[in-house]
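Single-letter residue listing:
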Amino acid sequence: MKAIMISGRTLAQGAGCECKMSPDFLKAVSVCHLSREDYSSLGLSEGKNVLLKNDFGQAVLTPKVDAGLRQGMVFIPMGPWANVLVGPDTGGCGTPHFKGVEVDVDATDAPVRNIRDLFRGLWRATA
Amino acid sequence: MIIKGGIVYDPANDVFGEEMDLCVNEGRIVEDAKGEEIDARGLLVMPGGVDAHSHIAGTKVNTGRIMRPDDARLGIEPRSGVCRPSTGYTVPNCYAMGYRYARMGYTTVFEAATPIIEARHTHEELEEIPILDKGALTLFGNNWEVMECVRDKDISKLAAYVAWGLRSARGYGVKIVNPGGGEAWGFGSNVKSLNDPVPSFDVTPAEIIAGLARANEMLHLPHSIHLHFNNLGKPGNYTTALETLELLKDIKPGRMRQVVHVAHMQFSAYGGTSWRDFESKAPVIADYFNSHNHATMDLGQLLFGSATTMTADAPLEYGNARLTHNKWSNHDIELEESSGVVPMVYFRKMLVNAVQWAIGLELALLTRDPWKVLMTTDHPNGSPFINYPEVIALLMSKPKRDAEMATLHEQLPKRTSLGGIERELDWTQIAIMTRAAPARILGLEDKGHLGPGADADISIYNLRPEEVDPSQDHVLVKKALAAAKYTIKSGIVVSQEGQILATPEGKTFWVDAGVPQADMDRLMVDLQEKFEKYYSVRLSNYAVQDAYVPNPKVIRAGIKVEPMKEVA
Amino acid sequence: MIVEDAICSFCGCLCDDINVEVEESKIKRVKHACRLGSSKILGHSRIKAPMIRRDGELMEVSYQEAYDRAAEILLHAQKPLLYGWASTVCEAQKKGILLAEEVGGVLDSTATVCHGPSVIGIEEKGLPGATLGQVKNRADTIVFWGCNPAEAHPRHSLRYSSNVCGRFTPEGREGRKIIVVDVRETRTSKNADETVIIQPGTDYEVISALRMLVVGKGDVVPDEVGGVPKAELDGLAKMLLAARFGTVFFGLGITHSRGRYKNIDNALSLVAELNSHTKFVIMPMRGHYNVGGIGQALAWSSGFPMSVDFTRNAPYFNPGETAACDLLAKADTDAALIIAADAASNFPRAAVKALAKIPVIQIDPYENPTTLIAEVVIPSAIAGIEVAGTAYRMDGLALRMRKLVDTSYPSDEEILSHILESVRRMRAGEGA
Amino acid sequence: MKTITITPLKAFEISVEAENISPDKLAPLTLSQIRSLEIWQGNRKRKLSDLFRAEGDDDPAKAEDVTITLRGDFSRVKRIGEGMTAGRVEVEGSVGMHAGNNMKGGLLSVRGDAEDWLGREMRGGRITVGGNAGNYVGAGYRGEKCGMRGGEIEVGGSAGNYLGEHLCGGSIHVHGDAGDFPGAANQGGTIFIGGSTYLPGAEMTKGTITVKGKARILPGYQKIETVAMDGEDWQKYAGDLVENGKGELFVRVGSSL
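Sequence lines, in order, name chains S, P, C and L. Mapped onto this note's numbering, the consecutive letters of the first sequence carry residue numbers 28 to 154. Mapped onto this note's numbering, the consecutive letters of the second sequence carry residue numbers 554 to 1121. Mapped onto this note's numbering, the consecutive letters of the third sequence carry residue numbers 22 to 453. Mapped onto this note's numbering, the consecutive letters of the fourth sequence carry residue numbers 4 to 260.
Quick caveat, the hints were computed from the structure, so don't treat them as lab data. Treat the numbers as computed from the prediction; the structure is a model and nothing was measured. No residue lacks a Cβ here, since even glycine has one placed at the ideal position from N, Cα and C. Wrong hints could be hidden among the right ones.
Unchecked claim - 27 angstroms max Cα-Cα, derived BS3-like pairs, lysine-lysine:
| # | chain 1 | residue 1 | chain 2 | residue 2 |
| --- | --- | --- | --- | --- |
| 1 | P | K1083 | C | K198 |
| 2 | L | K217 | C | K251 |
| 3 | L | K13 | C | K374 |
| 4 | L | K217 | C | K116 |
| 5 | C | K238 | L | K13 |
| 6 | P | K902 | P | K1083 |
| 7 | S | K54 | C | K211 |
| 8 | L | K48 | C | K238 |
As the list claims (entries may be wrong) - Ranges of calculated distance between the beta carbons of each label pair, as one might list FRET restraints:
| # | chain 1 | residue 1 | chain 2 | residue 2 | range |
| --- | --- | --- | --- | --- | --- |
| 9 | P | N1104 | L | K65 | 52 to 60 angstroms |
| 10 | S | G99 | C | R446 | 32 to 40 angstroms |
| 11 | P | P836 | C | D240 | 47 to 55 angstroms |
| 12 | C | P250 | P | V1078 | 51 to 59 angstroms |
| 13 | P | Q964 | L | D62 | 43 to 51 angstroms |
| 14 | S | K91 | C | K52 | 45 to 53 angstroms |
| 15 | C | P250 | L | I227 | 20 to 28 angstroms |
| 16 | L | K148 | P | E796 | 32 to 40 angstroms |
Using the sequences and the accompanying hints, generate a full structural model.
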């Protein structure tokens, strides 16, 4: 399913952003909010995760219904998982395009990566 | 240190161009001393310059920087020697403020307007400005507590509030800007005249001004009230100026000085009914100053080119923005003030700008007593302070004035008397208007003069007053004043031939005025209620802490302190 | 003992009515703070000691070793990036600016991934604003555009905006019209009288439509703009015109979306125009508690508020060229000092990869993803809790944070001073 | 004629600032003087010969008689041709940011691509780019009311965002697409976009923008009539009425979103 991703603050994300290595932070930001319609049309249910993909990368997140969202839109709390899907180009003004990012959304059984795993092997990676 | 053989102009000590040596020891002028000698034979020597009205630090100034990267990139000088980088033309960064004033021989500068709640920001920037001694005037003209005290005719509580406000802001004097208008601007309107009541406060600008003037004198503050008139910048506003001056003539000063200092008089000496028939009323204003002794003024001279208008007169700035289609910053400040910032350019071929240019010079030349007139450009409203040499050269040279007028709008002679004024100021009068008078008007005993005990702030210029005729050699005058041969601050040579050699930290003056405890207690009842119900910050987090004034110079004042003796 | 009127060091509200109970230099209880403030003040686990990465593993070292290694990295770099600054006090920021000047680096703040576009918009149009207390005492109409204070600035409505009472707003929430404009419903929109949902990335067009309606040129406006029917936009325009004192608070909803600084540029013009009909002000909802401070300190020191390149001994400003994400996207920086911010979490992945390829020095109290890619890690005292200092609220007001408890950790300012000493010593050594 | 050929000695990681490479600067200099010109890479001040090989004529000449050929990858070399008033700069590959900024005359031709701020604050002269151009082609500096005031820029490929922002005069011709907000705050210049774009002419007060491909139109633009030009039908718009703008926007019929 094609969708528009926006990332932003949530209370839980804010409360955990000074302890990002903790499980609380992981739980708070490795989620993907979807509209009720999209949640059901993707066949998501307890235990199923959601895979988001675009040209910049891909992320596996825990799906969550958000009544405030319209169909075709997904919301991810700001943080390392959301930013996997954000491109580096700033369009000339210095600020990346964090909101309104095109993504492909599908159900998946793959697990959510924890934060250390997300950054493993990055230090001085030649690839 | 001994400065040998200079031609010294120290009008406060009746020295008018005498060849004499000056001795300096431990940062002060002394009778005699030994050590390093500076050869100033035949050169013009004056006390360090004192600027009593300049926007150099605080929220307005930084707003000007943030909204004008186009201005910041104009004056960029790389870091070198003891200097950090300089930037900006109309709104320099902190370091350029110190270096550029020092290069011109200025050693003391006062920030013209600081709201109490934002004084912490002002002091953070003052602390970052090198070399200069400084202070900040504190805004009271649109303050809820002030207006309520004036409404209730409770002058002693008003005096207690002024004392408390100065201490909270670590401020030096009482600044009043478009009294009542800033509060009316809270809902988008303004006050139209001295007797136009302020909405929701049942008090008029006239009452606010008179009330604050009385409180100022009750507290024997070193400086008088420092007043930016209502209707500033509007054609025909000279009547408001005269009415306001008349209002204050019977108030008894608490010290041997003026009762009111008028800020940037030029912007309030306007005749005509609209920008079409706009004309100068400088002669009428100068007459008033010549026939009364309770008021002094600074010019607020306008020069052609780029400027940045920034003032606590927010409705004026909104008008400027609409008139010029320029970007507009506004900043309403809870319970205390409002302000605005708008970039501006003044053009030779614009009749309005040409008349504004002429008005400043007329005021200086038509007012007989130089002790009543300070040479300023209300930096950066009229022009950046680095253009002071241009203003001085114009005041000293009729030929230069005529040459400049020839390049301006041809209708100018019909709107101003400048063309017919022959007077040319001499070095004594210039020394008064840029050194002795600002120090006296501010009440700075150790500044603006070179008598024994004074701060060793000295400026020495590459100009031989005995040989140079400022009227003809105005180009040389302007060049010499732009970069002093030596600028000495507190006994240290800080600048030589325009190059900064040392960047010592300056002192910050503030006034601690004592008031009867009973009045302070009554005041605190009001303030506790205001902080509980209206302010967005707590009373305990409001006042500026000691950490922000690491080099204080505290001047005592207050109800009980008897008035000071006549200053020199 | 209870520290009263402490100032919270989390978000741009800078609430200054927090009571903190301290026993034997430990914070026991926090009163009046929201969930965000309490979690920060109550504290989290800290990095224990300085570390330097050898063969891929972070090994504990002395502070002096860490300072010297950091100085070495900065000295050898041709274009070091000094990034972050938003969660420390101005006293440390000033030292950082001096360090950037002396090592010839580029200094940028978290604004570059937050309200940087608002700064550029202000450079185009200026900022018709006010302090939060002015809004508290006068605002009868408040628009929250592209922001969600209920989750990002929880006590904003209680202390400054929707629900607070003031001199001319005695009825508080009842006397106000609250309007939310966003691409989704949020906790904030639940407390609103009107909610206008627009399509993502159409803020600029919607604002232009409002400007047309406000000046009476509604006939030109198409029937639908940004997915919103013209009638609804017309209603919104009328609400704005009916305000006695209107306020627009805007957030990352419009700085991060398509249009970036143009959206703010347009919103500033809308508010300026509204001032010829009524009284209106506008204010950015600054995220970090002192992102305002680095903007002010950098402006009074270098003339520019962010993204300042000192490589050629003088400040050069040009977001899009000198901003942190630009340098990393183009691999145009060869070392980075990340202080009081977590670049690895908040930058796009490609920028983080570029960051991981160059030597990174981290100065922060807490372990976070930036630690995982850092070569030198220097734990610091927590500014605003263990270190007093100045911070600037979202409306530009300066307050002094109190020191609540003692600590053995050095402050950010001390760390930066030591690094600067090492830089100067090494440079003198090299020069000799 | 005086020709100078400059070639990078290696690929640059940290970008280079080469405002000294312009006909006006090189015209009076001998080859050895050219080789010792000041060039900055990050915070290192270098000589030109540290980073480039310079060959060509030795004798001094006037700027209009100078041709500089830049061979190799100059995509990370900024400010080439800054402030040039005459002469030619031929870039065989790509060129870095701020190429031809503050240009007053002469020709800057780039066979490859150009980075952001091509021809910033241009006054006169001509710039041609065979490939694509970045953001802010012919735009101004942050906070300025005026960007490009004169001269011509032609881009064979596509251009990035904010094309000709604050355009006060001169013309920009892009054969391909243009990014977001071309011609913002246009006060009297001319822009032609061969491909598609997004929200052209925001707050335009004067000047003309023509879009041959698709364009999302701002609410402040009023449809006037369709006109025939170069054998095509074009929808004419007047705006931007949010600024009482007297600008003209032409979009080829059948191609607006």
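Legend entry - Whether the CB-CB distance between C/P250 and P/V1078 falls inside 51 to 59 angstroms: Given a distance of about 54 angstroms, which is inside 51 to 59 angstroms, the answer is holds.
Legend entry - Given hint P/K1083 paired with P/K902 - CA-CA distance at most 27 angstroms: Outside the cut-off at roughly 51 angstroms; violated.
Legend entry - Proposed proximity, L/K13 with C/K238 (alpha carbon, max 27 angstroms): Violated. C/K238 to L/K13 sits at ~58 angstroms, over the 27 angstroms cutoff.
Inset, instruction - Would you check the hint for L/K217 and C/K251, treating anything up to 27 angstroms between C-alpha atoms as holding? - result: 23 angstroms, holds
Inset, instruction - Look at the Cβ atoms of P/P836 and C/D240 and judge whether their distance stays inside 47 to 55 angstroms. - result: 54 angstroms, holds
Legend entry - Beta-carbon spacing of P/N1104 to L/K65 - inside the hinted bounds 52 to 60 angstroms or not: For P/N1104 and L/K65 the Cβ distance comes to about 58 angstroms; the hint holds.
Legend entry - Satisfaction of hint between C/K374 and L/K13, Cα-Cα up to 27 angstroms: 24 angstroms, holds
Inset, instruction - Using the Cβ atoms, figure out if S/G99 sits within 32 to 40 angstroms of C/R446. - result: 59 angstroms, violated
Legend entry - Distance restraint between L/K217 and C/K116, which requires alpha-carbon spacing of 27 angstroms or less: 51 angstroms, violated
Legend entry - Pair hint S/K54 and C/K211, alpha-carbon separation not exceeding 27 angstroms: Given that 27 angstroms is the threshold and the Cα spacing comes to 25 angstroms, the pair holds.
Inset, instruction - Note whether the CB distance of L/K148 and P/E796 lies within 32 to 40 angstroms or breaks it. - result: Roughly 39 angstroms apart at Cβ, these two residues keep to the hinted range, so it holds.
Legend entry - Satisfaction of the hinted span 20 to 28 angstroms by the C-beta atoms belonging to C/P250 and L/I227: 25 angstroms, holds
Checked against the numbered hints listed earlier, the structure breaks hints 4, 5, 6, 8, 10, 13 and 14; every other hint is satisfied.
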